[in-house]
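Chemist: Sequence:
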Amino acid sequence: MLELDSYGANVDEDLELLEGDIHRSIVNGIPAINFSKRIQQILFKEMELTVVSKSLGRNIGYGALNIRISSLWNPSKPFHIMDIENGYFLAKFHSTDDYTKVLSQGPWLINGLPRFLYKKKILEEIGGIIGKVARLDFNIDSKIRGRFARMAVYINLDKPLIAQVLVNGMHQKVEYEALPTICFTCKKYGHTKEICASLQ
1 MLELDSYGAN VDEDLELLEG DIHRSIVNGI PAINFSKRIQ QILFKEMELT
51 VVSKSLGRNI GYGALNIRIS SLWNPSKPFH IMDIENGYFL AKFHSTDDYT
101 KVLSQGPWLI NGLPRFLYKK KILEEIGGII GKVARLDFNI DSKIRGRFAR
151 MAVYINLDKP LIAQVLVNGM HQKVEYEALP TICFTCKKYG HTKEICASLQ
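Numbering (full-length UniProt numbering), first residue to last: 1 to 200.
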């Protein structure tokens, strides 16, 4: 059975990675991964007619947000809204005119990894430049909640931790869980920068 997310995108897609689709490198000491134009076009296609927006002011519930946005934008055809947390939401339109009208109302920006990169094979490749990917938790919770991914990656704690990677030239911060203390001065685990021997 084919599983689709709330926008009709194939979750367990058979995205075929061909030779030359992935280029790994180190740029100024930062692990980097670049995807071919072919892969980028496949990923971008899913985001056609989608606007990412941030709700300013107090947070409101999904239902109230949907009603408010519908009355503000007054689209000619139905559209879908997905809450992607921290005041951000996605609006997927079925009309190019509606999309253009809404997009022209202001700049749209979201911090973090772009949604179009949330494909299992792509995330595994990104995680693979940090270390061997042991597990990838990939969740999609209907139209109301957005996608999120968490991965377990084997890392050597005797080596400096990677604080960021470059994905197609864009900086992506790397967050570590279950490490009680990390010093990003020397990029090692077990102490803070206040007591880092490299500063002595």
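Fair warning: there could be bad hints in the mix.
[As the list claims (entries may be wrong)] Capping the alpha-carbon separation at 25 Å, the derived lysine-lysine pairs in DSS-like fashion look like this:
| hint | residue 1 | residue 2 |
| --- | --- | --- |
| 1 | 121 | 37 |
| 2 | 159 | 187 |
| 3 | 120 | 101 |
| 4 | 45 | 120 |
| 5 | 101 | 54 |
Don't read these hints as lab results, they were simulated from the structure.
Chemist: Next, verify each hint and record whether it holds.
Modeler: Evaluation of the provided hints:
Distance hint between residue 121 and residue 37 is fulfilled; the C-alpha atoms sit about 16 Å from each other, no more than 25 Å. This hinted pair checks out: residue 159 and residue 187 have alpha carbons roughly 8 Å apart, not beyond 25 Å. For the suggested pair residue 120 and residue 101, the alpha carbons sit about 33 Å apart, so the restraint of at most 25 Å is broken. A threshold of 25 Å between alpha carbons decides the hint, and for residue 45 with residue 120 the separation of about 17 Å falls inside it, so the pair holds.
For a cut-off of 25 Å, the pair hint linking residue 101 to residue 54 stands: about 17 Å separates their Cα positions.
Hint 3 from the earlier list is the only one contradicted by this structure; the remaining hints agree with it.
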